[in-house]
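Novice: Given the coordinates of chain A, assemble chain B onto it according to the supplied hints.
Protein chains in written order, with our numbering: chain A, 25 to 287; chain B, 2 to 280.
Derived by calculation from the structure, the hints in this document are not laboratory data.
Model, not experiment: these values are computed from the prediction.
Beta carbons are placed, not taken as given, at the ideal position from N, Cα and C, and that holds for glycine.
Just to be clear, a hint being listed does not mean it is correct.
Here are the simulated DSSO-like cross-link-like pairs (lysine-lysine), alpha carbons at most 30 Å apart as the crow flies [unchecked claim]:
#1 K108(B) to K192(A)
#2 K192(A) to K189(B)
#3 K134(B) to K192(A)
#4 K70(B) to K192(A)
Covered by chain A, according to a simulated footprint, are these stretches of chain B (three or more residues, beta-carbon under 8 Å) [to be verified]:
#5 75-83
#6 136-145
Partial selection, computed: residues in chain A whose CB lies under 7 Å from chain B [as the list claims (entries may be wrong)]:
#7 E71
#8 I136
#9 V190
#10 K192
#11 V193
#12 E195
#13 L196
#14 K204
#15 P208
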Amino acid sequence: MLKLSVTEKWVSYVLLPALGILGVIGLWALASATVVSALPSPWKTWEISKPYIVEPFQKRGELDQGILRFTWYSLGRVAKGYAIALVIGTPLGLVLGSSRLFASSFDPIIQILRPVSPLAWLPLGLVLFGKPEPAGTFTIAMCSMWPTVLNTALGVRSIPNDYVNVVKVLELSRSRALFKVYIPAALPYMFTGFRLSLGIAWLVIVAAEMLTGAPGVGGFLWQEYNSLIYEHIILCILTIGLVGYALDRLMMLVERRFKAASA
Amino acid sequence: MSFVSLSGVSKSYGTTARRSEVLCDVNLEIERGEFVAIVGFSGAGKTTLISLIAGLAAPDAGSIRVADKPVTGPSTQRGVVFQNYSLLPWLTARENVALAVGQAFPKASAEEQAERVTRYLVLVGLGSAGGKKPSELSGGMRQRVAVARALAMDPEVLLLDEPLGALDALTRASLQGEIARIWQADRKTVLLITNDVEEAILLADRIIPLSHGPAATLGPAVSVDLERPRDRRELSRDPRFKAIRGELVAWLLASGKQRKAASLPPVALPAPHVVEASA
Numbered sequence: 025m026l027k028l029s030v031t032e033k034w035v036s037y038v039l040l041p042a043l044g045i046l047g048v049i050g051l052w053a054l055a056s057a058t059v060v061s062a063l064p065s066p067w068k069t070w071e072i073s074k075p076y077i078v079e080p081f082q083k084r085g086e087l088d089q090g091i092l093r094f095t096w097y098s099l100g101r102v103a104k105g106y107a108i109a110l111v112i113g114t115p116l117g118l119v120l121g122s123s124r125l126f127a128s129s130f131d132p133i134i135q136i137l138r139p140v141s142p143l144a145w146l147p148l149g150l151v152l153f154g155k156p157e158p159a160g161t162f163t164i165a166m167c168s169m170w171p172t173v174l175n176t177a178l179g180v181r182s183i184p185n186d187y188v189n190v191v192k193v194l195e196l197s198r199s200r201a202l203f204k205v206y207i208p209a210a211l212p213y214m215f216t217g218f219r220l221s222l223g224i225a226w227l228v229i230v231a232a233e234m235l236t237g238a239p240g241v242g243g244f245l246w247q248e249y250n251s252l253i254y255e256h257i258i259l260c261i262l263t264i265g266l267v268g269y270a271l272d273r274l275m276m277l278v279e280r281r282f283k284a285a286s287a
Numbered sequence: 002m003s004f005v006s007l008s009g010v011s012k013s014y015g016t017t018a019r020r021s022e023v024l025c026d027v028n029l030e031i032e033r034g035e036f037v038a039i040v041g042f043s044g045a046g047k048t049t050l051i052s053l054i055a056g057l058a059a060p061d062a063g064s065i066r067v068a069d070k071p072v073t074g075p076s077t078q079r080g081v082v083f084q085n086y087s088l089l090p091w092l093t094a095r096e097n098v099a100l101a102v103g104q105a106f107p108k109a110s111a112e113e114q115a116e117r118v119t120r121y122l123v124l125v126g127l128g129s130a131g132g133k134k135p136s137e138l139s140g141g142m143r144q145r146v147a148v149a150r151a152l153a154m155d156p157e158v159l160l161l162d163e164p165l166g167a168l169d170a171l172t173r174a175s176l177q178g179e180i181a182r183i184w185q186a187d188r189k190t191v192l193l194i195t196n197d198v199e200e201a202i203l204l205a206d207r208i209i210p211l212s213h214g215p216a217a218t219l220g221p222a223v224s225v226d227l228e229r230p231r232d233r234r235e236l237s238r239d240p241r242f243k244a245i246r247g248e249l250v251a252w253l254l255a256s257g258k259q260r261k262a263a264s265l266p267p268v269a270l271p272a273p274h275v276v277e278a279s280a
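Next comes chain A alone, as it looks inside the complex (with noise of 0.2 Å):
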């Protein structure tokens, strides 16, 4: 019985997705060979990409550097522009789940902000800020916000009137039923909206970086696109998504472990 499903993992997380994985090289290998020959194959991407590869922490010069260099150059502007989104987006949220009158003033212009693109955020940032960087810092939290904020109202609002009743019965002060009762009942749907975020936030990086010619993943392929080096815009594309996938397990790990707190 337990060999039968130590077997079926192997089979279900390993083998199956290296199939996977193997037949969709196959299917670019052999598009790149026949219809599209614009596409680098996958044997030219590995041999033009090895150098950045094999070096990741490699500096030879501003644009031209290790990829993992670049992804922490990358990671460090979106911790900034998310930081700033869930110290904003947290409070809001709570505020937003909490009281009636706020939630019916606020909720129309936070449905409207939502869905506005990176690509609109960032000329604004400019504009505001005169300088790419901190540019990209507010539109990475303008965008990032949304789903802690929503989340966290969501939370606040699904708290089960018996936490309530005790709030009340015990006559908690503010700051108590906030910090014992409120936040920690909110808590699961809080981290589900920290993990949405972070990964919007690392969808944007991209965006911002292309725009603003700042070093890191989106900036090098930016760079790489107008050097005529396609091979590098695979690279950095299988880069940023296997950052943005360890990115979401992880805070997906963090998650798990609040709701078991909690539970």
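Specialist: Positioned in the frame of chain A, the structure of chain B alone reads:
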């Protein structure tokens, strides 16, 4: 003036179009140190009654006074034990009780507060389980924590809303014994709401039946003049026990029947067949 006093209390829920009256003209007097039980059907409005006295809801008509003060909102002076325990799952048993103690005795030193928490955990028999989360405790133990939380605030009156309703019969019996013991130790004013007539007889000084809803109201009170401590096995053979149980059950069933008769559509009898002569 009684310690707890309800006069002419009514409460409805819903909008005007589909309004349903839950409680209608409820009058209740409880003396200081008295243990009163209210027995009624499920869904009769027992929880609504507790919510009103606790201050979680306001009555539409009538007045509620506790210790000569009108009830305007919840207070730590009225300790409530809910049927579903209502413990905070992210806090340990000890922290759950400590939260209440900290709020009820804000001026006490940290040691005094900790000592109080320990005392009440020991009182309910959970001296060694303080570090456990509610999810690690059995239903009976969770309800003990909830009782400790309510008692530790040293409330003027203790409101028990079907506290044993969610427990299995054995746990229930042992907790009934615990409640009797704790009550004898500090003689709080207690209002117990239950759907178990025998539980009420085992614990209370006075039992009041609540009629079948909607628009439930209280029936005539029955005094339980059985000496304490009451033993469950001896009690079941006592003719006074049988008499009290018989009286309450008869009243409750009669109120249920009345309600059924009132809500059923009038029986449509076949109309006498009239043959009309056609012109």
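Novice: Hint by hint, note whether the structure agrees.
Specialist: So, going through the hints one by one against the coordinates:
| no. | hint | in the structure |
| --- | --- | --- |
| 1 | K108(B) to K192(A) | holds (20 Å) |
| 2 | K192(A) to K189(B) | holds (21 Å) |
| 3 | K134(B) to K192(A) | holds (22 Å) |
| 4 | K70(B) to K192(A) | holds (18 Å) |
| 5 | 75-83 | holds (count 7) |
| 6 | 136-145 | violated (count 1) |
| 7 | E71 | violated (54 Å) |
| 8 | I136 | violated (32 Å) |
| 9 | V190 | holds (5 Å) |
| 10 | K192 | holds (4 Å) |
| 11 | V193 | holds (5 Å) |
| 12 | E195 | holds (5 Å) |
| 13 | L196 | holds (6 Å) |
| 14 | K204 | holds (6 Å) |
| 15 | P208 | holds (4 Å) |
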